[in-house]
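Position chain B against the provided structure of chain A, taking the given hints into account.
Now for the letters of each chain:
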Amino acid sequence: MTKTADNGAGNNAGAGIDGSNIHPSLSESQKRSLVPFNIALVLPAQITIMAVVVVPTLIVIWLSLSDWQPTQAVPWWHGEFIWFWNFFDLWYDERFINSVVRTLAVVAICITVELALALGLAMLFVEEWWWKRLAVSVVILPMMIIPVDAANAFFMLFNDRGPINHLISIIIQEPFTFSWLSHPTWAMVPIMLCEIWQWTPLMFLMVLTGLMSLPQNQLRAAIALGATPARIFRKIMLPLLGPVIGIAVLIRSIETFKIFDPVYILTRGQPGGATETISMYMYNGAFVYFRMGYIAAAALIVLVLVVSICLALSKPLKRHGG
Amino acid sequence: MNQSFLTTIFKRSIIILAMFFAFFPIYWLFATSIKPFEEWASWPPVWFTDQPTLQNYRIVFFPEAAREFATEQSGSLDYKVSGSAWKAFQDSAIISTFATFFSVLFGTLAAYSIVRYRTGGENYPFQFLTVRMMPPIAVVVPMVALFSVLRIADTYFGMILAYTAFTLPFSIWMIRSFIEETPAELEGAAMIHGMSQLEAFIKITLPLARGGILATALFIFILNWSEFLFALVLTSGDVTTVTLQVANYVSASSGKLYGVQAAMGAISTLPVIFFGYIIQKHLVRGLTFGAVKR
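Protein chains in written order, with the numbering used here: chain A, 1064 to 1385; chain B, 23 to 316.
Okay, chain A solo, but in the shape it has when bound (with noise of 0.2 Å):
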């Protein structure tokens, strides 16, 4: 077993550590027979994906130029056709553009804080003492969480009764009772802690593995040479961390994006919406007011949208090695 530590080997498919991973002694025979072979060996995962994922994508395409909605007690695929008016209808939304919008705010400032804290925090993990391991097992331990109990334990350190209140109490030395769960703009910050609280030790995880990758004797002569700290950071570690820092804030982004349990367990994107993620306007159109058709239309449009962005951004990602 050889412990590479070059970050996202991941992509260069098989190339290995010296092109090895493939076979190269067979003949031209055995080659040719091969191919059923390694079909073979995919086609469970391939028909599995193609089952619960392709088709519902392809069933989504139609619904979404339909007015179907499971009250109206007709099979889905005889509800009204009505071409693209839930486009039309959904570019006027205003409670779908706000979520949208209010997603990718999460998302940037989620991101931010969370990387942020990260780096912070794997600078001080470098070096080596006697209860580091200590140390990582408890600052961890938020990723090693049910999300839905995470979102469960913000639910009650932010109830109005709850400890934070009573921290702020003390602090201002007079009773503070505030609801923030059915504030509109405010019930954002325990759903974005809550977030940041448990996802921050992923980031701080893959930054540190790779700060824990440079080469100890760039740093060294550097250091030798009198370099300042922040000259060491901004040189050195910042364009050798970068690929393990794309891959982060991408992996994150994406799955920030995606956000539904905090917002469901804390506010359900109440009051009024106001707190409504993505996901959360879409369960809520979809299983709360029972409308199918035009909710397949957004999913359509988020789809669309994440694809083309994840695409756009895996490309640089693949050819830096990333």
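Hints are computed from structural coordinates only; laboratory data are not their basis. You can trust all of the hints, since none of them are fake.
Cross-link-like lysine to aspartate or glutamate pairs, in silico, DMTMM-like; alpha carbons within 25 Å at most:
id	chain 1	residue 1	chain 2	residue 2
1	B	K303	A	E1190
2	B	K33	A	E1191
3	B	K303	A	E1191
Just chain B, lined up with the frame of chain A:
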């Protein structure tokens, strides 16, 4: 690096502060789960209870205790959540185990094929990643439609199918990164000596990648156990999961069953914490699809 004693003290204090922040919400969850009813929502809140009780756990697991509690506290609480959490634990265990098994099985086969035979070319593995990129809510609406037609909504089979599909990208990419670390020459040699391709795969590469595949299985189990959105929309009572049960307690009695919801939260998350620490050094590899290794 030689740094002054003060700098070291400063650094360690920040680390202890970070440890405190990471731990506090979890402390609060567990602390609330052993508080008696009077202390659930008292003001000022009770930070350390001096009368710990297991009553909340009894309410979670035993319907008699729940009924007793409901009659005692009637008027102050409208106790809606009936039935025991056993059903949720049992269903979660069944669904997560089977879904993990199929995900890892299919994932291993596909990953092996992708590494050793470059099946589908360079870009083929990326189509699996797209599954993970799309917000699940976007496919949930048509999935509900499809599952109701196939009559597999609210069944174990439907849940296992959905969970298998949505964890496959993780299985394939994580196991792929483990198989990439095994040498191909051994297999080549074995095949020259008359082993079939399948035999070479099962007898040579599989044992070498076993540890990695096991770690992947635990990782996938954690994902399945923690899943919430699919459970929420693809079930309607016959099948339930621990995450649904947590959500039920949070919303029951307009969210005032603090002690009970904390007990359910604490007990449901324990197995996952345990598994998480077992595979701690593989977590980053898993969550980054094998891109960042330790």
